Amino acid sequence: MANALINVPDRARRGEIIEIKTLISHPMETGYRRSQLGARIPRDIVRLFVCTYNGTEVFRAELHPAIAANPFFVFSTVATESGTLAFQWTGDNGFSATETATITVD
Amino acid sequence: MNGETSRREFLAGAAAGLGLGAIITVRPAHATPQEMQEAIRKIVGSAPVTKGRVKLELPPLSENGNTVPLTVSVESAMTPAEHVRAIHVFTELNPQPEVVTFRLGPRAGRARVSTRIRLANTQTVTAIGELSDGSFWSATAAVVVTLAACLEDA
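As you go down the protein sequences, you meet chains Y and L in turn.
Note that my numbering gives residue 31 to position 31 of the first sequence, counting from 1, and the numbers run on in steps of one.
Note that my numbering gives residue 152 to position 152 of the second sequence, counting from 1, and the numbers run on in steps of one.
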């Protein structure tokens, strides 16, 4: 349901710092807006984003309503070994999405 | 004066009226710089926050407050002994002072993160870097916002 875009290099040299870009489609409804009838639109945001590298957490972001719709992050990690990078988003109303990317380190 | 109010008296009276108005205004719908300081205190505790080592990149003028690119970096060797533990971002005038908290470690390689944020008003954004030795460093950036977030539809 949720559409995520991940940009991870396919290959990297051992010890190289790689840049990771992630984007997920989500409205990030702040909870401060009102509808045309004046009713408050309830908050619906992604609260947490975690990136793990072969099971070890390397990056985490705790989000608040001030993050723009479709949360976008650019961060880096050291290419230590070949394996999988897993990305997980969790949020309000039981929102959860997972993506993975594989990387070959030589 | 011929019994009429001079321009000077009128202006003085108007200024007094404005001052009174400011006193009786109700609590604003957005956070205040004091609330931002409180939110920062909640993170740093009693530790001192020093200016420097953190670089906060934001456009000086943003046409759309709904999506403002933000890049924050902290000078650090990013070794297991000395690294950046977290980067916190705060705003003065958004409904909530907290924007985002990034948690990193030596595995990050370098302490540089980008995202896109919302700004409800022309204001100053503060970034705080939390280092492994327990010290806190900060940087601020002022942004002029022409179209505010939260009010208009994206």
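Worth flagging that the hints you see were computed from the coordinates, not collected in a lab.
This structure is a prediction, so every number in the text was calculated from the model and none was measured.
Please note that the accuracy of each hint is not assured.
Okay, the calculated beta carbon distance ranges per label pair [said to hold, decoys possible]:
(1) 140/L to 54/Y: 35 to 43 angstroms
(2) 56/Y to 114/L: 19 to 27 angstroms
(3) 36/Y to 134/L: 45 to 53 angstroms
(4) 45/L to 36/Y: 29 to 37 angstroms
(5) 15/Y to 47/L: 45 to 53 angstroms
(6) 122/L to 15/Y: 39 to 47 angstroms
(7) 14/Y to 81/L: 34 to 42 angstroms
Heads up, the beta-carbon is just placed ideally off N, CA and C, and yes, glycines get one too.
Against the structure, the hints:
Separation of residue 140/L from residue 54/Y is about 38 angstroms and conforms to the stated range, judged on CB atoms against 35 to 43 angstroms. Between residue 56/Y and residue 114/L the CB atoms are about 23 angstroms apart, so this pair conforms to the stated range of 19 to 27 angstroms. For the hinted restraint 45 to 53 angstroms between residue 36/Y and residue 134/L, the CB-CB distance of approximately 50 angstroms keeps it satisfied. For the hinted restraint 29 to 37 angstroms between residue 45/L and residue 36/Y, the CB-CB distance of approximately 44 angstroms leaves it violated.
In this structure the hint that residue 15/Y and residue 47/L lie 45 to 53 angstroms apart at CB is violated, the actual value being about 33 angstroms. For the hinted restraint 39 to 47 angstroms between residue 122/L and residue 15/Y, the CB-CB distance of approximately 44 angstroms keeps it satisfied. In this structure the supplied range 34 to 42 angstroms is violated for residue 14/Y paired with residue 81/L, their Cβ-Cβ distance being about 21 angstroms.
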